[in-house]
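**Student:** Sequence:
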Amino acid sequence: MPPTPMSGRLVGRYGDRAPAGIARPGGGAAAAGPTAALSPGPVRQRVDPAVPATVAILDPAIPPDDNGGIEFHVRAVPGGLVSTAIVGETRPGDRWRLSSPHGGLQVDRDGGDVLMVAGSTGLAPLRSIIMDLTRWGENPRVHVFFGGRYPCELYDLPTLWQIAAHNPWLSVSPVSEYTANPAWASEYPDVTPPRGLHVRQTGRLPEVVTKYGSWSDRQILICGGPEMVRATKAALIAKGAPPERIQHDPLCS
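Quick note: the sequence shown uses full-length UniProt numbering, first residue 1, plus one each step.
Keep in mind that a hint or two might mislead.
[To be verified] Simulated restraints, written as ranges between beta carbons of each label pair: (1) 65 to 108: 17 to 27 Å; (2) 165 to 243: 26 to 36 Å; (3) 111 to 91: 18 to 28 Å; (4) 135 to 183: 41 to 51 Å.
[Claimed, not checked] Straight-line C-alpha distance at most 25 Å; calculated SDA-like pairs for lysine to any residue: (5) 239 to 106; (6) 211 to 136; (7) 233 to 177; (8) 233 to 104; (9) 211 to 180; (10) 239 to 143; (11) 211 to 235; (12) 239 to 180; (13) 211 to 247; (14) 233 to 245; (15) 233 to 57; (16) 233 to 162.
It should be emphasised that the hints constitute simulated quantities derived from the structure, not laboratory data.
The C-beta atom is built at its ideal place from N, Cα and C for all residues, glycine as well.
I would like the entire structure built from these sequences, with the hints used as guidance.
**Tutor:** Structure, rendered in structure tokens:
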């Protein structure tokens with residue numbers, strides 16, 4: 001049977017450059033639709049925002065929500081027709097059509113420790129997994145490298161830091177390609193880590209991640225732009241990580 005489309009109302013959004021949109025279905029049967037079909041961890045959904053001829057495949061950034069909420073992170077990419085339309089033209093109150101979920105990355109809680117590598121809004125599905133893991137008192141160790149071009153693009157670091165502060169199995173390493181922010185980021189929040197957490201490193205994710213070794217004993221999840229995913233996967237395999245231990249979303253050319 002074809003996927004059954006569901007409807008959600010956009011109830012909030014924040015930032016013109018920093019993502020994201022938050023879609024929440026209405027009450028009644030609709031509230032049970034999108035989230036009732038979600039299993040723990042991220043799955044992909046086809047989203048038709050209230051913008052003509054705009055369709056996107058997005059990963060929810062939170063686990064199943066009992067209140068019927070789904071959160072998506074969308075960054076406007078220069079030249080990207082879909083992302084710029086979603087960020088620039090959608091407004092709270094718009095109706096979104098959501099397909100049935102499919103696919104997704106997974107962590108086996110009995111499968112050993114975990115390495116996660118997230119570039120920009122590629123953090124969303126990994127964030128969902130991390131939030132789902134907080135339901136248990138004991139988990140495999142999870143080390144997250146979260147990267148962006150500029151420090152200001154590490155938009156959800158406060159959430160990760162808050163989770164890490166209460167869950168000793170989680171470590172977070174921020175990474176940016178440039179040391180300083182551009183002029184347009186003057187109003188962005190400070191991303192200096194709280195005392196005792198990993199300080200931000202400067203460099204490209206593939207090089208920063210692999211300077212710590214092959215991570216061959218880890219379950220490895222990579223999510224972000226296709227170029228970053230390919231480069232990080234290749235760098236890890238070159239260091240000795242088993243390809244079968246590496247998960248990532250399907251890559252588009």
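**Student:** Against which earlier hints does the structure fall short, listed by number upward?
**Tutor:** Of the numbered hints given earlier, those the structure breaks are 3, 6, 12, 16, listed in rising order.
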